[in-house]
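Q: Sequence:
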Amino acid sequence: MDMKKAFGGAILFVAVCCCIWLLITLSTLREGDSCEVNGVRGTCKDIRACPSVDDLIIANTLCSFSRGQIVVCCKDQPVEKVVPVVRMMEENHSISAEIVSESDSCDPISHVVVNVSTALAKCVQYQEALVYPCMQGVVGPAREPRCNWMPQALVSEGQNASPGEFPHMALLGYGRGVTEWLCGATIISELFVLTAAHCTYSAKSGPVTKIKIGIHERSGKALSPRKLYGVSQIHVYPRYRSPYKYHDIALLKTDRRMQLDRWAVPACLVAGSPVDDSEVLVTGWGTTVFRVLPNTLQKVILPRYPDKECVAKMRDVRLLPSGLDPATQMCYGDKNTRKDSCHGDSGGPAVVKHPEVSCMYLVIGVISWGRHCGVPNQPGVYTRVEYYLPWIEGIVW
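Take 9 as the starting number for the sequence shown in the numbering used here and just add one per residue.
Keep in mind that the hints were calculated from the coordinates and are not lab data. Some hints could be false.
[Stated by the list, open to error] Between beta-carbon pairs, the in silico distance windows are:
#1 G185 - G148: 49 to 57 Å
#2 D315 - I403: 26 to 34 Å
#3 L327 - D115: 48 to 56 Å
#4 K316 - R249: 19 to 27 Å
Source: prediction; values computed, not measured. Every residue, glycine too, gets a C-beta built ideally from N, C-alpha and C.
Could you put the whole structure together from the sequences, leaning on the hints where they help?
A: This is the structure:
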């Protein structure tokens, strides 16, 4: 009997201690409020919503206790992808007929966060809708992977791209009769492509009039209407002055919404997050180092030149009378081989694989100009896209 009394007393003692601890630590913080203990940040959550006991900040902190609900300070979890998740539906127009409605039950790809740029939000929308669309399967809705990426390590010299490997690529046409296909461009939304300002006009054929998307070869069988569009508006950056290569960037609006699918996917725009741009993938239908105009889309990896070295390379250049501007321009090229972008690649993108959004490309630069083509240690000049993001967002979205 004495042992039972002692045991009961111990239980009562623990219970009283717990009550005292609750009363001491009770505060006015509510569920969802931020909390911090000994420099560790957290969020007040129902104790059942904290992922595990290890995530509790156990340092005599209780956010609140009311009506049987214990709200504790739960350690914040690192966010793997700082991107929002939004359904790809705008003004009752879906990107393609393959996208399921808002009522689908697929899990989101990433956690919703706030305070991101419009460009990043759109990037994730396109990823969800086109690269990992929610499809109705035998056992219910599920995300279907439609990533067309190929191993980047295989790209050593310029070579043919695989079909759909760079679904953001577009080709620009000039003239009202016989079309002259000259420059490259990048799909960035359902209505806009990004290109170089000098690619908005051809001395021979006049202004740009047509845009091909979702293609692998420059020429071939007749295109379906979903792959060929007219140009309805041309937006040249206001500070561009031809023939100089400063601010060599422009936006082209299509004559109708582009029908996007896994073969035509917008690329993402640099939105302020740290990006490794020490080397980029450059693509286009321009002439090769052998001065041959290829029919198949070409790809090559090019290293970046340090700004200081790039500035030195571009001294006394007629088209850059004030020298290279590192704030708006950068250089890519190979010091030892003939890998390069060439005539006909202008306006196309220099991209990297997005570090945060799976199977999406990030546009770092727009191919602008080069003193030579395919000459070792003679880099090309690229327009730095990040500088122009506010201007782009103001027009496109």
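Q: Evaluate each hint against the coordinates.
A: Evaluation of the provided hints:
no.	hint	in the structure
1	G185 - G148: 49 to 57 Å	52 Å, holds
2	D315 - I403: 26 to 34 Å	28 Å, holds
3	L327 - D115: 48 to 56 Å	51 Å, holds
4	K316 - R249: 19 to 27 Å	26 Å, holds
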